[in-house]
Amino acid sequence: KARWTGELEVPDLQEWLRRPQGLNRKGPLSLRHPVDFTLISEFRLPGQWDLKPDKLHVDDPAFELRREEVWKGSTLVLTDRYQSRAEHVAAADVARYVGQLDKARTGVGFSLHHTGSSEALAPAAASAGAGTPHWLPLLTALLTLGGLGLLGRRLYRWDPEPVAALASPGAADGLGGWLLLPPIGLAVTLYRVGKSVVESAAVMDVESWVALTQTHGLWGPTLLFELVLQLAIGTGALMLLWLMMKRRSSTPRIYIGWWGLVLMLTLGDAIAFQVIPALREQWSGKDAAESARALVFGAIWITYFLRSERVRRTFVQRLGVRPESTPGPAVDGSQSA
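Numbering (my numbering), first residue to last: 9 to 345.
Please note that a few of the clues may not be correct.
Claimed, not checked - Derived CB-CB ranges, DEER-like:
hint : residue 1 : residue 2 : range
1    : 143       : 62        : 34 to 42 Å
2    : 264       : 300       : 19 to 27 Å
3    : 79        : 250       : 54 to 62 Å
4    : 79        : 264       : 52 to 60 Å
5    : 205       : 44        : 40 to 48 Å
6    : 205       : 185       : 29 to 37 Å
7    : 210       : 253       : 31 to 39 Å
8    : 48        : 69        : 24 to 32 Å
If you're looking for bench data, these hints aren't it; they were derived computationally from the structure.
Glycine is no exception: its CB is placed at the ideal position from the N, C-alpha and C atoms.
Using the sequences and the hints, build the whole thing.
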């Protein structure tokens with residue numbers, strides 16, 4: 009027989025039980041007050057688990073936390089009520105307050121243990137929808153791809169007049185110099201977006217989607233927002249590579265709009281990391297640096313495509329119009345033998 013374990017967490021509750029920074033204080037510790045909420049979490053579990061219902065009560069002058077556990081068949085229902093009691097904690101009482109927070113944080117997190125064969129858990133897991141795509145992200149992806157196909161067709165047929173370049177004989181044109189970097193960046197973006205979409209598919213099945221979106225109301229909209237933008241950025245990068253190779257006159261404008269999508273996704277990610285507690289704990293200096301780098305690169309390349317004479321001289325081809333060729337010397341038919 010095998011031993012299976014599962015960890016249960018309520019991220020929204022953990023947010024209020026975080027250990028404060030700067031414990032060696034001379035002044036009082038400010039708290040958010042008044043706060044009074046109740047969280048009800050349901051965990052649908054496969055098989056039978058070795059867990060007895062219990063109660064938790066943490067009583068502190070600054071806050072009170074109560075938890076009740078109830079089994080309903082194979083579903084565990086956790087009811088947590090948190091209530092603040094003070095606007096601040098005196099410096100001399102910070103150690104006591106932190107100790108009570110640690111006690112509460114330890115009490116609300118626990119492990120489930122199951123002893124038995126894997127076959128006992130398999131039917132329940134299958135019935136929960138493991139591996140089956142959830143209809144909402146699947147429908148969103150299909151509609152997005154359909155809309156992108158129609159939009160891509162219109163953008164490909166869009167044929168604006170080339171932007172007039174300054175009269176500078178011998179000025180450079182073509183995909184060279186700094187203008188060689190955008191196609192390389194687009195190819196790298198295609199790889200990264202494809203990898204990200206494949207990795208995101210792991211949370212798009214029924215079981216994972218339901219479990220994740222129940223922890224916070226913004227998880228679902230955030231995942232759908234990122235899915236739509238990633239598909240748009242990936243298909244946009246693919247089309248831009250083709251337009252750049254053809255030196256189409258529409259390339260600069262579409263490239264600038266494409267960077268707008270990239271910056272929108274970057275800002276959306278940064279906001280999501282701040283408003284969803286489970287993500288906020290994972291936000292690091294590396295994430296902030298990547299967001300800042302995307303903003304800087306976006307500003308640089310948008311400015312370059314707006315002001316560069318090489319860009320204006322390179323992307324001049326119209327749809328269905330071939331470059332003019334230099335006529336060869338005329339052959340006089342009367343001179344032939």
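The hints, checked one at a time:
1. Between residue 143 and residue 62, the C-beta spacing of about 37 Å keeps the proposed range 34 to 42 Å intact.
2. A C-beta distance of roughly 20 Å is found between residue 264 and residue 300, which places it inside the suggested range of 19 to 27 Å.
3. At about 59 Å, the beta-carbon gap between residue 79 and residue 250 stays in the expected band of 54 to 62 Å.
4. Our hint of 52 to 60 Å for residue 79 and residue 264 holds, since their Cβ atoms are close to 58 Å apart.
5. In this structure the hint that residue 205 and residue 44 lie 40 to 48 Å apart at CB holds, the actual value being about 41 Å.
6. Under the hint 29 to 37 Å, the C-beta atoms of residue 205 and residue 185, about 33 Å apart, fit the expected range.
7. Hint check: residue 210 to residue 253, Cβ distance near 34 Å, so the stated range 31 to 39 Å holds.
8. For the hinted restraint 24 to 32 Å between residue 48 and residue 69, the CB-CB distance of approximately 27 Å keeps it satisfied.
In summary, the structure agrees with every hint in the numbered list given earlier.
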